[in-house]
Amino acid sequence: MGLDQLSLLQQLMITLSAMALFTSFALLEQARLVAAIHAFAWQGVLVAMVTAVVAASGGLEHLFFSAALTLGLKALLIPWMLHWLVRSLELDRHKEPLRHPALVIMAGVALVIFSYWLVLPMVEEELMFTRNIVAVSLAMVLIGLLMMVVRQQAVTQVLGFMSMENGLFLAAVSATGGMPLVVELGVAFDVLVAMVLFGVFFFQIRESIDSLDVDRMNRLTERTDEE
Amino acid sequence: MMALLFTVFAPLAGALVLAVLTPLRIAGWFNIAISALNFAASLALARAVATDGVVAGMSFRVDDFNVYLLVLTAFVSLTTAIFSRPYMGYVRESGRTTDRGMRLYHTMFQLFMFTMMLALSTDNLGVLWVAVEGATLATVLLVSLYRTPEAIEAAWKYFILCGVGIALALFGTVLLYFAAQHVLEDPTKGLTWSALYGVAGQLPPSVMGLAFVFLLVGYGTKVGLVPMHQWLPDAHSEGPTPMSAVLSGLLLNVALYAVVRLKMLVDGSLAGTELPHMAGYLLMGFGLVSFLVAGLFLHRQRDIKRMFSYSSIEHMGLMTFAFGLGGPLATFGALLHMLVHSLTKSAIFVTVGHATHIAGTQSIDHIRGLIRTQPAVGWGLLLGVAAIAGFPPFGVFTSEFLLLTATMQTQPWFTVPLLVGLAVAFAGLFRHLQPMVYGSVPEGQEPVQANMLPVLIHLGLVLWLGLSIPEFLSHWLNRATELIVGVGLL
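These protein sequence lines are chains A and B, in that order.
Everything in the first sequence is counted per this note's numbering, starting at 1 for the first residue and increasing by one.
Everything in the second sequence is counted per this note's numbering, starting at 1 for the first residue and increasing by one.
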């Protein structure tokens, strides 16, 4: 199925989702914390735009509300909170380069291919379009997961967590036209509370190990039990 | 309906009051009062369910399966609240936490109970997800309550791992909602469990299969299934002891409850395909691996609370295996095992709280001679461990015996690893227990003020369930079994 068979709005949706996936890669690779937070904010903007386009093309009015909620939460509030935290922890100049950047990016690409393969048997031919976006959002979720594994810094781990959340939201919007309102509000509330708690933990971790390099927290392994 | 609302929202109201209540002296008592009210409401609810069958409305739905878990949760919450009042008083006096920490503890205790009640009683799978994630959020600050480097590390690990796991579960939930879109007349009801269960046979199997894998990995993280269990021993051992008791006794149950509910949907959807028991096989695999690995890990533990967390993983693995096995006997056994495991494990954690108070440490090597120092605590620990290891005449023996019989009937080869696993776990527990309760008393070890009432009640109930299961309870579990597998046992 070629792109020309899709309506203009659908093409726009695919383009925007692809750009959101691109920001995932940018997040994965970005060494500077502040720049990574900006990339995350852009991802929020893109996800909100996809939501608005889905709402416009399907005439789903409740989705406009979701789009506004996403824009407010993921593109403004959470990036702002992270920015504030980074500034008050004096990490604005902090750089955290990846150890094997090429390898990590290759793994990210492999995850995208894996996502496409995973959703392959999922829907019949007529739903090809949906399948595309579900695959993209699954890839965003998995890249967020990868980010949490390869990054050793607490703030970047939180960014990975939040971009996973973006991927999930994109999946819900594109595949099903949004979750029921009560669920969406509940999820948004959980994400917000999680962000506040992450902030609390940044301070607790810094107090405890004098850095936010969570790799240095290694007291609780099975090995130390043997000492 | 009133009883249902009370059961769910009493803890929330209690949490709000506890958050602003100024005198900390009475916070512990107030905590007990809320839990008692909650327990009474859950009993009234159980009565309503017993007469009417199902209590539903306002997107809540309580049937025979979840009502027994609701009562169990409210009961364990009450006894833990009774234990935690003096225990947290001692923690405060020893200077391990501050007044703010105490307020946080009481508020979060009730908030955690609210999320548990909400997760158990809701009919909406999305709300279930929100509640289970809420349980993580409510407890994560309690894990780091003591602010030691270990506690903060454990809390961070707990937060990140459960956050990731639960995110995968949300993806599974989205897929489920997607699958329901083309089946239900009213697609907005696509997350309502009862509506989905009615049309389970029509849900597209390919999507449901994929969704279940995500849901199992997601909620399985919370159950503590190997290899997603890494957070569990840390979180359970570093947090305050009453928290360990409710995490081990309740949270794991609720996560497993979610998995079983979802399995019911997936089984219906996959019934006509080549792999009708895919969900069951997955549960059996994860369950057996968790059971065996946790049993082995029991041997190398040096921290008493860590050891009992591994024992929780082991038992959750056994239950997961049994639910995967399916069939009325295995399901009945698994339901009974959920009940007796919760009661026994929370009793053990309460006793461990007193034992660590006596010894002043959680290190197994330094806890010695409990029976001579304080017979009540020593015997409590000994009997608790005997019960959890599956000694007759305790209830755990009955349920494990049922599970073994069920395995023998349907998958006889699996009896071998199960028996080996039980023996390994038994040895692991007792090699550590023996010097702790007997052994020579270290100099200067004094008895402490211990409140063994919760332990006595829990172990008494487990003993009673082992000797004779009262008729109303067996009928109750039987109806739940009927609900889950379609046929009853009795």
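Because the hints were derived from the structure by calculation, they are not lab data.
Watch out, some of these pointers could steer you wrong.
Selected chain A positions facing chain B (in silico; Cβ < 8 Å) [unchecked claim]: (1) Ser7; (2) Val183; (3) Gln204.
Have a look at the derived ranges for each label pair, beta carbon to beta carbon [stated by the list, open to error]: (4) B/Gly272 - A/Ala68: 49 to 55 Å; (5) A/Phe22 - B/Gly488: 42 to 48 Å; (6) A/Pro121 - B/Thr51: 44 to 50 Å.
Here the structure is a predicted model, which is why all the values come from computation and not from measurement.
From the three backbone atoms N, C-alpha and C, an ideal C-beta is built for every residue, glycine too.
Provide an ascending list of the numbers of those earlier hints which the structure does not satisfy.
1, 4 and 5
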